[in-house]
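Asks: Order-wise, the sequence lines are chains H and P. Throughout the first sequence, residue numbering follows my numbering, covering 1 to 189 in sequence. Throughout the second sequence, residue numbering follows my numbering, covering 1 to 125 in sequence.
Worth double-checking, as some hints may not be accurate.
List time: in silico BS3-like cross-link candidates among lysine-lysine, alpha-carbon distance up to 25 angstroms [to be verified]:
(1) LYS14(P) <-> LYS189(H)
(2) LYS107(H) <-> LYS157(H)
(3) LYS88(H) <-> LYS157(H)
(4) LYS14(P) <-> LYS88(H)
(5) LYS83(H) <-> LYS14(P)
(6) LYS87(H) <-> LYS91(P)
(7) LYS189(H) <-> LYS83(H)
(8) LYS99(P) <-> LYS87(H)
(9) LYS83(H) <-> LYS153(H)
(10) LYS87(H) <-> LYS157(H)
(11) LYS87(H) <-> LYS153(H)
(12) LYS88(H) <-> LYS189(H)
Cβ-to-Cβ under 8 angstroms is the rule here; a few derived chain P residues that face chain H [as the list claims (entries may be wrong)]:
(13) ILE18
(14) VAL21
(15) LEU23
(16) ALA28
(17) PHE43
(18) ALA63
(19) VAL70
Hints were generated in silico from the structure; no laboratory data involved. We treat Cβ as the ideally placed atom computed from N, Cα and C, and that holds for glycine.
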Amino acid sequence: MKPVATTRSAAGIPTGLLAVWWIVASEIVIFGGLLAAYLMYRLSHDAWAGHAANTNTAIGTVNTFVLLTSSLFAVLAHQAAEKGDGKKAARFLLFTIGGALCFLMIKGYEWNYEISHGMTITTNTFWSFYYTAAGIHASHVIAGAIIMAVVAKDAAKGLELQRVELIGIYWHFVDVVWIFLFPLLYIAK
Amino acid sequence: MSEEHEEHHTNYVKIWAILVVLLAISVAGPELEILWITLITAFGIAFVKAYIVVQKFMHLGDAPKFVTYVMVTCLVFMMLFIAGTASDIYKSNGENWYKIESEWQYMPPVAQHDEGHGAADEESH
C-alpha cells in the first residue's frame with residue numbers, strides 16, 4: 001500500500017509535495033528572520049565591517065559554486081526521475097551528496113582556521129551571528145545529504161521516484177539561503 | 001501536465017552556467033569599492049540568482065498559486081515581526097539598559113591581530 005503522501009492530493013498537488021512546500025515556508029521564517037536581524041545589526045554597527053573583513057571571500061565563493069553545482073545535479077536527478085530512470089536519478093543524487101560533503105569539508109577547514117585565530121562564537125555579536133547562521137545552514141546541508149542518501153537508495157531500485165523532486169525542492173532552498181548568506185558574510189566588508 | 005513536461009525539458013546546464021557567471025560578477029563588482037556597484041552586484045544579483053533557482057530549479061511556477069501565496073505570506077509576516085523589533089535594535093540605550101556593542105571598537109583584520117590593539121580580547125571579556 002502506497003503512503004498517503006504519494007497517493008493523496010487533496011490540495012491539488014501530492015500531499016508529500018505540499019509538505020515540502022510547508023517546510024520551505026517555515027524555513028523562510030527561520031532563515032529570513034536570521035538574515036534580516038543580521039542586516040539590521042550590520043547597518044547599525046560600523047564595526048561589523050571590520051569583523052567581516054576577516055571572512056575569506058575566496059572560500060565563500062568556492063562554496064557558493066559547489067552549492068550551485070550540487071543544485072544542478074539535484075534538478076538533473078529530478079529530470080531523470082520524471083523520465084522513470086531511477087538509476088540515473090540515484091547517480092545524480094549521489095553527485096549532489098558529493099557536493100554537500102565538499103561544502104562541509106571546506107566549511108570545516110574555514111571554521112578551523114577562524115577558531116584557531118581567535119574568532120569564535122563568543123568573540124562578539126558579529127561572530128555569534130556568523131557561526132549561528134552558517135551553522136544552522138550547515139545543519140540543513142547535513143540533513144539534506146542524509147535524506148538524499150535514503151531517497152537515492154530507493155530510486156536506484158526504481159522505487160518512490162516522486163521523492164527525488166521533493167528532496168530537490170528542499171535542496172534548492174538550502175542553496176537559496178546560501179545565495180543570500182554569501183554576500184552578507186563574505187562580500188559586504 | 002503538458003506545460004510541466006515542457007518546462008522540465010529546460011537546459012539546466014545553461015541555467016547553471018548563467019548562475020555561475022552571476023556569481024563571478026557578484027564577487028568582481030565589489031572589488032571596485034564603489035558603494036552602488038557593490039549593492040547592485042552583491043545584493044541585487046543575489047535576488048536574481050535566488051529568483052532563477054526558485055523558478056527554474058524549484059519550479060515554483062508549476063505549483064498551484066496558493067503555494068506562492070503561502071511563501072509570500074511567510075516572508076511578509078517575518079518582515080513584520082522584524083520591523084516590530086527594529087526600533088529597539090537601532091537604539092543603543094534606554095531606561096536602565098544600554099548595549100554593550102555600542103562600546104565596541106574596530107577589530108583589525110587577522111594579519112594585524114597581534115600588533116597590540118587587543119580589541120578582540122577586550123570584547124571577549
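Asks: Looking back at the hints listed earlier, which ones does the structure fail to meet?
Replies: Of the numbered hints given earlier, those the structure breaks are 1, 2, 6, 7, 8, 12, 13, 14, 16, listed in rising order.
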